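Number of protein chains: 2
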Amino acid sequence: MTKPGIFEITHRDPGTSARRGRLSTAHGVVDTPVFMPVGTQATVKGLTPDEVAGEGFRVVLGNTYHLSERPGSDVIEKCGGLHRFMGWPHAILTDSGGFQVFSLSGLRRITDLGVEFQSHVDGGSRFLGPIEAMDIQRKLGSDIAMAFDECPPYPCTREYACQAVERTLAWAVKCANQPRADGQLLFGIVQGGIYEDLRRRCGRELVDLGFDGYAVGGVSVGEPEEALIRGLECGIAELPEDRPRYLMGVGLLPQMVEAVARGVDMFDCVMPTRYARNGTAFTSEGRYPVKAAIYGRDERPLEEGCTCYTCLRFSRAYIRHLLNVNEMLGARLLTLHNLHRYAVSMDEIREAIENGTFGEYRKEFTGRYCDIRLEHETAMNQTEGTSG
Amino acid sequence: MTKPGIFEITHRDPGTSARRGRLSTAHGVVDTPVFMPVGTQATVKGLTPDEVAGEGFRVVLGNTYHLSERPGSDVIEKCGGLHRFMGWPHAILTDSGGFQVFSLSGLRRITDLGVEFQSHVDGGSRFLGPIEAMDIQRKLGSDIAMAFDECPPYPCTREYACQAVERTLAWAVKCANQPRADGQLLFGIVQGGIYEDLRRRCGRELVDLGFDGYAVGGVSVGEPEEALIRGLECGIAELPEDRPRYLMGVGLLPQMVEAVARGVDMFDCVMPTRYARNGTAFTSEGRYPVKAAIYGRDERPLEEGCTCYTCLRFSRAYIRHLLNVNEMLGARLLTLHNLHRYAVSMDEIREAIENGTFGEYRKEFTGRYCDIRLEHETAMNQTEGTSG
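Which chain is which? The protein sequence lines are V and C, in order. Position 317, counted from 1, in the first sequence is what this note's numbering calls 317; the numbers after and before it change by one each time, with no gaps. Position 191, counted from 1, in the second sequence is what this note's numbering calls 191; the numbers after and before it change by one each time, with no gaps.
Hint data in this document are derived by calculation from the structure and do not stem from the laboratory. From a predicted model like this one, the values you see are computed outputs, not experimental measurements. Among the hints, a few may not be true.
A pair counts as met if it fits within one copy or between any two copies, since identical chains are not told apart.
[Claimed, not checked] SDA-like, lysine to any residue: derived pairs with alpha carbons at most 20 Å apart:
(1) Lys174 x Gly210
(2) Lys363 x Thr283
(3) Lys363 x Ser345
(4) Lys291 x Asp74
(5) Lys291 x Arg70
(6) Lys78 x Ala317
(7) Lys363 x Pro14
(8) Lys291 x Val75
(9) Lys78 x Glu299
(10) Lys45 x Asn326
(11) Lys45 x Gly279
(12) Lys291 x Ala227
(13) Lys78 x Arg297
(14) Lys78 x Arg300
One chain only, chain V, in its complex shape (with noise of 0.2 Å):
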């Protein structure tokens, strides 16, 4: 087995600055680019490991955070850790639990130690700090553990966004010189909201700390488009070329050939699970609502040509109806299919990668890509009938 740790560039597009590559784990190898399939609370909503794996992924998210509420770390470390805890023999990155307690959690004191919140939970006073984080994900047994983070909102003042950089990287030394898990890997993240002198900053200090790999953070907080993308570029600026990186909580398929482009090796989302439970198919060309009217009878499958254990069964009519009676196979089902096309997607960037026509496939993909499929508006615009 290759070392965890070690990332290998197999390919370069001319064009842009998108790489192939292979980030070795205790747990195997991940060909990057790479979608990660987020597994908040020890499972990806719905889905057995097997059926994760048999989309071709290798690789799951896990929340430090939500599983020191429940089940707790003690738990899963009693149980061997998470990767036998859930069953999932392939690798895990555990975020650190610095977004859900900015995002999450309700009256929150922060200090150089860490932050004391209350639980989403019980509404208990809890305390995360960078010790506290590595200690949870060295118990989780993750294979990427990540540095514990303060995540400002969007918008947020520079002076706020500078004081989170600082505190950023404090806890990143912390953090690096707790103990870890076997073959742990840690990855530092990249903050400093829009502001492009902070980013850079907070890149290049990092990158002296020395990490296994980069993540910027903050960038999928509600900001528009072009600043995801502006904070994008000025959080990987200052990255090294052969440490791989990761950006957090993007996203949606364009988002993520955009970043490809910029140099992006992995990326996360709820989108193509959180929307699947919504009623949301992600097709080749966009995305829309199954529970629309005008698929009442629709006998086609979610998306014509897909090989998907959904598409290959059942019906746009039949998946509604689950979904309009709140059958949870519907939200099983959709989800299967949209990690399906996530999967796809992420094996053609990365072929288009191997064959230097990462741009040509760009493009295409730019042009095939609504967000929303015009042909689907009538269907959005449309209102629920009870039958039919």
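Given chain V's structure and the hints, the job is docking chain C onto it.
Using the frame of chain V, we list chain C on its own:
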């Protein structure tokens, strides 16, 4: 293919009325005694057809009333019938909707033509009678249709029960005269509440009409266990030996063993699936609440020695966690286990009848099975902790 409706009894238990048979339907042969998982809304909740068939089931239930509400029988007919709509290639029995109309709906007015009632979906006025119920079942294309009946509550007066029998018989005549789907069988339903002579009379008159099979209805509607057994005994007393007998809405494994001993061939019940969603695991010895705190770090499978998908891969601790955080994978994995347990129990019952050892099996089963296992009683009484 054998003609739908052929019911071959291959073995009889020497000491009881238990029999081992094979019922031919338009979608394959069903081995009896059989348990039919409930798929009210065109899905066994949480599972794919592959998974249900993978546990050995060859017949599931659909519900005429629910499916006529959503997505509507016209939609299902347009999509090629219920088998194709839900992707289930094996047999389907459709409940007539009588039980649901009487138990689920609000204000209702009963006439000789049927029942005017309020939809549980939108509160709108609906009408369901023998003609409507048969028409819907014809469109659904189920293999076994049930005659539309009046199911009185428990307790009810003799007068009420008598009137319900009259209506059930009059409606049975109408149902028998309605057109059906190709190869669709029709079962009559014996009502009569706890009144032995009414049950017997209802049975006799249905037999005179001549159905493909006979069901005993209204015996699992809240009455005490001995009344259930007594209702069953009177209900089947007048039924012919050579036709399948179906005990509706039962049940619990020990109740099914006792019913088989009295000559019942078919069962359905929401228990293994509904209880799974509430966190109850069934084992060969009883049932227990997986959410109980004592299982928080329990690395054993739900049932030791069990070979189901769930037990081969996941621990009680993991499933408890999923249930506690409302992850749908928890309900799904537990449903799979519970149905496996039911499938294995029915296999054992059929094998015991084949081997002439059903009497011993019944005794052994009654000895080992305890509705709530003593060793789990502590668990039942424990208060849930937030974690751990």
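Here's how the hints hold up against the structure:
In this assembly of identical chains, Lys174 and Gly210 lie within 20 Å of each other by CA distance solely inside one copy; the values are 13 Å within and 82 Å between copies. In this assembly of identical chains, the alpha carbons of Lys363 and Thr283 lie at most 20 Å apart only when taken from the same copy (17 Å versus 57 Å across copies). For the homomeric pair Lys363 and Ser345, the shortest alpha-carbon distance inside one copy (14 Å) is at most 20 Å, but the shortest distance between copies (59 Å) is not. For the identical chains of this complex, Lys291 and Asp74 are inter-copy neighbours only, at 18 Å across copies versus 42 Å inside a copy, given an alpha-carbon limit of 20 Å.
Taking the shortest alpha-carbon separations for Lys291 and Arg70, only the inter-copy value of 13 Å comes in at or below 20 Å, while the best intra-copy value is 33 Å. For the identical chains of this complex, Lys78 and Ala317 are inter-copy neighbours only, at 10 Å across copies versus 45 Å inside a copy, given an alpha-carbon limit of 20 Å. In this assembly of identical chains, Lys363 and Pro14 lie within 20 Å of each other by CA distance solely inside one copy; the values are 15 Å within and 77 Å between copies. In the homo-oligomer, the alpha carbons of Lys291 and Val75 lie at most 20 Å apart only across protomers (14 Å), although the nearest pairing inside one protomer, at 39 Å, exceeds that limit.
Taking the closest pair of Cα atoms, Lys78 and Glu299 come within 20 Å of each other only across two copies (9 Å); inside a single copy the shortest separation is 48 Å, beyond that limit. Proximity of Lys45 and Asn326 under a CA criterion of 20 Å is satisfied in both settings, with 15 Å inside one chain copy and 10 Å between copies. Within a single copy, Lys45 and Gly279 get their C-alpha atoms as close as 14 Å, and across copies as close as 17 Å, so both meet the 20 Å cut-off. Neither within a single protomer nor between protomers do Lys291 and Ala227 lie at most 20 Å apart by alpha-carbon distance, with minima of 32 Å and 45 Å respectively.
In the homo-oligomer, the alpha carbons of Lys78 and Arg297 lie at most 20 Å apart only across protomers (7 Å), although the nearest pairing inside one protomer, at 50 Å, exceeds that limit. In this homomeric assembly, Lys78 and Arg300 come within 20 Å of each other (Cα to Cα) only across copies, at 13 Å, whereas the closest approach inside a single copy is 47 Å.
The structure is inconsistent with hint 12 alone, although it conforms to all the rest.
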